[in-house]
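Full structure from sequences and hints, please.
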Amino acid sequence: MTRGLTRAQLGVTDAMIASYGETIFKLSNNHQIRRGDPIRLRDFTAIEAHRHELGMSDAQIAERLGLNPTQVTFIRNMEERRRFRTGHYHMLNRLGGGKRFRAERMTPYQDHFRYSEDALAMRAGLAFDPARVRAYVEGGYWRNDTLRGWLVRQAKTNPAGKAVVDASGAVTYGHVARSVEALAGGLYQAGVRPGDVVAVQLLNTLEYVESFLAISWLGAVMTTLYTTFREAELATQLRHSKARALIAASSFGPFSPPAWAQQQKESLPSLKSVIAVGAPVKGALAYKDLVNSDVALPADVPEPTAADPFLLLYTSGTTSSPKGVPLNSHQMLTNARLGTIEHNIRVGDIVLSAAPFGHLYALYSVKMALCAGAAVALLPQFSPADLTKCIEGQRPTHLFAGPAHLAACEGAGLLARTDLSSLRLVVLSGAAVPPDLVRTVEPRLHGGSLCQLWGMTELQAGLYTRLSDAAEIVATTAGRPSPGTEVRIADEKGASVPTGEEGELQVRGPSVFVGYYANPEATAQAFTTDGWFRSGDVARMDGAGNVTLSGRIKDIINRGGVKYNAQEIELLIERMPGVAQCAIAPVSDPRLGERACCYLVPRPGAQITLKAIGSFLLAQGIAKYKLPEQLELRSELPMTATRKVIKGHLKPQSPTV
Amino acid sequence: MGLTGNVDPAVAKVEIIAYAKKRGALAVGVADLDAIERIAPPGHRPTDIMPRVKSVIALGVGGQTQGAWSVPAKAIAYFGSTETRAYSCAYGLAFFIESKFGIPSIYCPPDMDNESGPRVPLQSLKLHAELAGIGARSLAGDILLHPEFGYMYFASVFTELELPADAPMAENPCPAPSCIDMYRKIGQTPCMKFCPVQCLSGTIDPQGRQVEMHYDMAACAEMSQQYEAVPALLAEALAAEDEARRTDTLFDPDHKMLWYKMSVGSGGLLAQCFECMRACPIATRAPQADPIRRAKIST
Chain A
11 MTRGLTRAQL GVTDAMIASY GETIFKLSNN HQIRRGDPIR LRDFTAIEAH RHELGMSDAQ
71 IAERLGLNPT QVTFIRNMEE RRRFRTGHYH MLNRLGGGKR FRAERMTPYQ DHFRYSEDAL
131 AMRAGLAFDP ARVRAYVEGG YWRNDTLRGW LVRQAKTNPA GKAVVDASGA VTYGHVARSV
191 EALAGGLYQA GVRPGDVVAV QLLNTLEYVE SFLAISWLGA VMTTLYTTFR EAELATQLRH
251 SKARALIAAS SFGPFSPPAW AQQQKESLPS LKSVIAVGAP VKGALAYKDL VNSDVALPAD
311 VPEPTAADPF LLLYTSGTTS SPKGVPLNSH QMLTNARLGT IEHNIRVGDI VLSAAPFGHL
371 YALYSVKMAL CAGAAVALLP QFSPADLTKC IEGQRPTHLF AGPAHLAACE GAGLLARTDL
431 SSLRLVVLSG AAVPPDLVRT VEPRLHGGSL CQLWGMTELQ AGLYTRLSDA AEIVATTAGR
491 PSPGTEVRIA DEKGASVPTG EEGELQVRGP SVFVGYYANP EATAQAFTTD GWFRSGDVAR
551 MDGAGNVTLS GRIKDIINRG GVKYNAQEIE LLIERMPGVA QCAIAPVSDP RLGERACCYL
611 VPRPGAQITL KAIGSFLLAQ GIAKYKLPEQ LELRSELPMT ATRKVIKGHL KPQSPTV
Chain B
172 MGLTGNVDPA VAKVEIIAYA KKRGALAVGV ADLDAIERIA PPGHRPTDIM PRVKSVIALG
232 VGGQTQGAWS VPAKAIAYFG STETRAYSCA YGLAFFIESK FGIPSIYCPP DMDNESGPRV
292 PLQSLKLHAE LAGIGARSLA GDILLHPEFG YMYFASVFTE LELPADAPMA ENPCPAPSCI
352 DMYRKIGQTP CMKFCPVQCL SGTIDPQGRQ VEMHYDMAAC AEMSQQYEAV PALLAEALAA
412 EDEARRTDTL FDPDHKMLWY KMSVGSGGLL AQCFECMRAC PIATRAPQAD PIRRAKIST
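Top to bottom, those sequences are chains A and B. Numbering of the first sequence is given in the numbering used here, commencing with residue 11 and proceeding in unit increments. Numbering of the second sequence is given in the numbering used here, commencing with residue 172 and proceeding in unit increments.
The set of hints was computed from the structure by calculation and includes no laboratory data. These figures come from a predicted structure and were not determined experimentally. Glycine is no exception: its CB is placed at the ideal position from the N, C-alpha and C atoms. A hint or two may mislead.
Pulled a few chain A residues facing chain B out of the computed Cβ check, cut under 10 Å [said to hold, decoys possible]:
| no. | residue |
| --- | --- |
| 1 | N39 |
| 2 | Q42 |
| 3 | R44 |
| 4 | R45 |
| 5 | E58 |
| 6 | A59 |
| 7 | R61 |
| 8 | Q70 |
| 9 | T83 |
| 10 | N87 |
| 11 | T96 |
| 12 | G97 |
| 13 | L105 |
| 14 | G107 |
| 15 | M116 |
Label-pair distances were calculated between CB atoms; the ranges are [claimed, not checked]:
| no. | chain 1 | residue 1 | chain 2 | residue 2 | range |
| --- | --- | --- | --- | --- | --- |
| 16 | B | N285 | A | A145 | 54 to 62 Å |
| 17 | B | P424 | A | R449 | 58 to 66 Å |
| 18 | B | D352 | A | R61 | 30 to 38 Å |
| 19 | B | E319 | A | L51 | 18 to 26 Å |
| 20 | A | S29 | B | Y431 | 34 to 42 Å |
| 21 | B | Y431 | A | R61 | 37 to 45 Å |
| 22 | A | V305 | B | F422 | 28 to 36 Å |
| 23 | B | R417 | A | R476 | 52 to 60 Å |
SDA-like, lysine to any residue: derived pairs with alpha carbons at most 20 Å apart [unchecked claim]:
| no. | chain 1 | residue 1 | chain 2 | residue 2 |
| --- | --- | --- | --- | --- |
| 24 | A | K36 | B | A390 |
| 25 | B | K225 | B | E331 |
| 26 | B | K297 | A | N39 |
| 27 | B | K356 | B | Q369 |
| 28 | A | K634 | A | S598 |
| 29 | A | K36 | B | A211 |
| 30 | B | K297 | A | Y119 |
| 31 | B | K427 | A | Q120 |
| 32 | B | K297 | A | A56 |
| 33 | B | K245 | A | R115 |
| 34 | B | K432 | A | F94 |
| 35 | B | K427 | A | R104 |
| 36 | A | K36 | B | E399 |
| 37 | B | K427 | A | H122 |
| 38 | B | K245 | A | Y119 |
| 39 | B | K225 | B | G238 |
| 40 | B | K225 | B | A265 |
Right, dumping it as structure tokens:
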């Protein structure tokens, strides 16, 4: 026997293995050929004539080849090892009961789907604290929630239920599920694979909802592009996200994102597919072809799970250049599922977002609608008139808006003339909510409620008021933490400050991100050493746990060592007659270090002076050191998609004081 | 052992068959020892392990239930203990012959030849059963099929008691009429068509008889007989380009099962693919392949 014997003992060389291996392999029973039925018929002549084809023992082969049996066994083992392909066993696990094998349904082991390096890099970034994971799972926060799972559930239990409504009619969950599955197949055919990033630049349309769900269905990752983005912003985000595909409207006015992207192939090497929604764009795939695709996803494409990243969102960048936030379904859908309960969204409800779907706040509303079996009402693009028309036309039960949206409607005198009776809840978020706005809007809701919500791209909904909260709580605070979320108000050293005192709002919980995409420096700055996310917002907490936001840390004006919160002054100035909007930002001062500059948009015909502002503020009891020392009049201020002023873009044009 | 001088072979055979059937055998036969000795290669003949053997008794026990053919293949992989029922039946039969007739008998070792390694049995139970008339070679890699009982598991007993031999089956039930029809349409029978590794091929003559059967046992083994994967995987791991790849190779979910089988010596859990038998009308729909139907017939 060969076991334990060496080649030297056996007298076998590599040359012998190479010379005799194939013959021995074939003469052994590895390949068997039986001609006729000679054994049953006891046709010994035929058996002898074809014995070598039926498979020979090693002793017989040795006799035939002029080797000894142990040499044959050893050479046979070497040859079998050389030929043996591992990995076939997994096919056995996939052979279903009663189903017959079909080659087209099986993917060879070596050809099995594998994530790209870029996809693996993003997955590697989702590194959670093991103790927190255990707590989220044991606490029931993290389940295997996926948009695909939710859509399948709704399509099964509520196929005729309205999923999307707009002025042209309604689309059911059954229809959306079919479209989404087809689009996922179309995206796959277009080269998108699980883990790939797909950028979307669309208005709030049915195509956006379908794209969001199809990307998720496929296990890919959506990154959103604001519709206002043009060449520079698009190139920056497409490059940073390494987007594999772009789904975009054929044009926004004179600008065509698909046409532009077609010309950027060299500078955007990751971008392989451009998909145009709307009019055909030369060189781009047509969305309508993809959504009508009959391509099924191959069996080896893994069904997405909650741990898979499914969103790569970029922060609104009010203070710095954009940072990518990878998020998985655990984080986002837990928060949405529990929000559905807190906001009382039920099957059959209609959810409307005034914010663009490119923003997480709007996607939050879409996710909750899907979770509850409610419909998403579509407002393609905000204008005060279109929003109020949509409310009257689609009769939403829930409105997710920014304070600026409602302020604009109120400013245009539209809220008083609009039938708001369908609204059971209006959620305001995206920027500081002026208490007066809450007090103005709430009486117009005919029994509906208002809710203040504070969230960030890094965590979705972190704080919100509850339906049972008193009106003054809703008007003056952002409420209490969303389920599972923990917050603390901390000083510069990370210690919690006493109740009622200001400090930085810090957060941790099942929805909080774990790091910026490919940006370890920003990640390190974003977290405290004990794992709390530094929101950068200044806040205080009352005895009942309600949190009031009072500005950004970077909004703090440090005037010669005396610090004060710019937002406090902004809110007062915006109450001045003739002021439409204002923002205060620091400008450098050689003597004081910083001083305040007021950027102000006057109402038409109004004459606002720095002196008048000072007089107004002094009359309000504001200390003199907090008065703005420079005034910049503007026709508009740079705004984020959620109507938040981008203070980083504010630069004084005049040195005068 | 109390030797019995006057044993009527015909009576003894009746008692042996009765015993085996009582223990669960569906079919029992006695193979022509001379034929086995002529066909089996040196080292694999009954006289090689029992020089004074006079008879080879082959028996078959039932294969899978109807339900088993409809569950996922990975579940069927765990029905491997079916074959041990045949072995225990034969084991008992060897004792029965010795105690009843006082004549030395052995339960035929079913597994591989120590020296030749896996896939080379010490004795061919298939050859014994075929010559004993309880199965005929099919196009599905020579798996034996029976027109009444379909697909069975076989075991053998060698004894120095000389028993009258049975003849092989007069007709081969394979290919079944429906398989012939399919072959005439697409050039393949169900077992050939649905083999995941396409290890089967063959030809059928105009009269519906087997002309050639080709069986790529190496390909079949790659899927179902994982003991051959062990050295290959270890070699892959040793040659891996980095630690991560080495770890992946050894801790792959499929391979974890392999290590388990290896560590506990769990031959009974070697996974059979069975796609050829799941597609075979004889294996699944022979008149008495269904145990429930068998029970009804016997009552």
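Right, here's what the structure says about each hint:
1. N39: At 6 Å from the nearest chain B Cβ, N39 of chain A passes the 10 Å test, so the hint holds.
2. Q42: holds (4 Å)
3. R44: holds (4 Å)
4. R45: holds (6 Å)
5. E58: holds (9 Å)
6. A59: The hint is violated - A59 of chain A has no Cβ within 10 Å of chain B, the shortest such distance being about 13 Å.
7. R61: Given a least distance of 8 Å, the restraint on R61 of chain A holds.
8. Q70: holds (5 Å)
9. T83: Constraint on T83 of chain A satisfied, holds at 7 Å.
10. N87: Hint holds; N87 of chain A Cβ to chain B Cβ min 7 Å, cut 10 Å.
11. T96: Check passed: Cβ of T96 of chain A comes within 5 Å of chain B, closer than 10 Å.
12. G97: Interface hint status for G97 of chain A: holds (7 Å vs cutoff 10 Å).
13. L105: holds (4 Å)
14. G107: holds (4 Å)
15. M116: holds (7 Å)
16. B:N285 to A:A145: 54 to 62 Å: About 56 Å separates the Cβ atoms of N285 of chain B and A145 of chain A, which means 54 to 62 Å holds.
17. B:P424 to A:R449: 58 to 66 Å: Given range 58 to 66 Å: holds, Cβ gap about 60 Å.
18. B:D352 to A:R61: 30 to 38 Å: holds (33 Å)
19. B:E319 to A:L51: 18 to 26 Å: Holds, at about 21 Å.
20. A:S29 to B:Y431: 34 to 42 Å: With a Cβ separation near 38 Å, S29 of chain A and Y431 of chain B satisfy 34 to 42 Å, so the hint holds.
21. B:Y431 to A:R61: 37 to 45 Å: holds (39 Å)
22. A:V305 to B:F422: 28 to 36 Å: 34 Å Cβ-Cβ, so the 28 to 36 Å window holds.
23. B:R417 to A:R476: 52 to 60 Å: For R476 of chain A against R417 of chain B, whose Cβ atoms are near 54 Å apart, the range 52 to 60 Å holds.
24. A:K36 to B:A390: holds (13 Å)
25. B:K225 to B:E331: holds (5 Å)
26. B:K297 to A:N39: holds (14 Å)
27. B:K356 to B:Q369: The hint holds at about 18 Å.
28. A:K634 to A:S598: holds (19 Å)
29. A:K36 to B:A211: Given pair K36 of chain A, A211 of chain B holds - Cα atoms ~19 Å apart, limit 20 Å.
30. B:K297 to A:Y119: violated (33 Å)
31. B:K427 to A:Q120: At roughly 18 Å apart (the allowed maximum being 20 Å), Q120 of chain A and K427 of chain B satisfy the hint.
32. B:K297 to A:A56: holds (18 Å)
33. B:K245 to A:R115: Holds, at roughly 16 Å.
34. B:K432 to A:F94: Holds, because 19 Å separates the two Cα atoms, which is no more than 20 Å.
35. B:K427 to A:R104: Holds, at about 17 Å.
36. A:K36 to B:E399: holds (17 Å)
37. B:K427 to A:H122: Status holds; Cα separation ~19 Å.
38. B:K245 to A:Y119: The hint holds at about 17 Å.
39. B:K225 to B:G238: violated (40 Å)
40. B:K225 to B:A265: Measuring from Cα to Cα gives roughly 14 Å; hence the hint holds.
Violation of the numbered hints given earlier is confined to hints 6, 30, 39; the remaining hints are satisfied by the structure.
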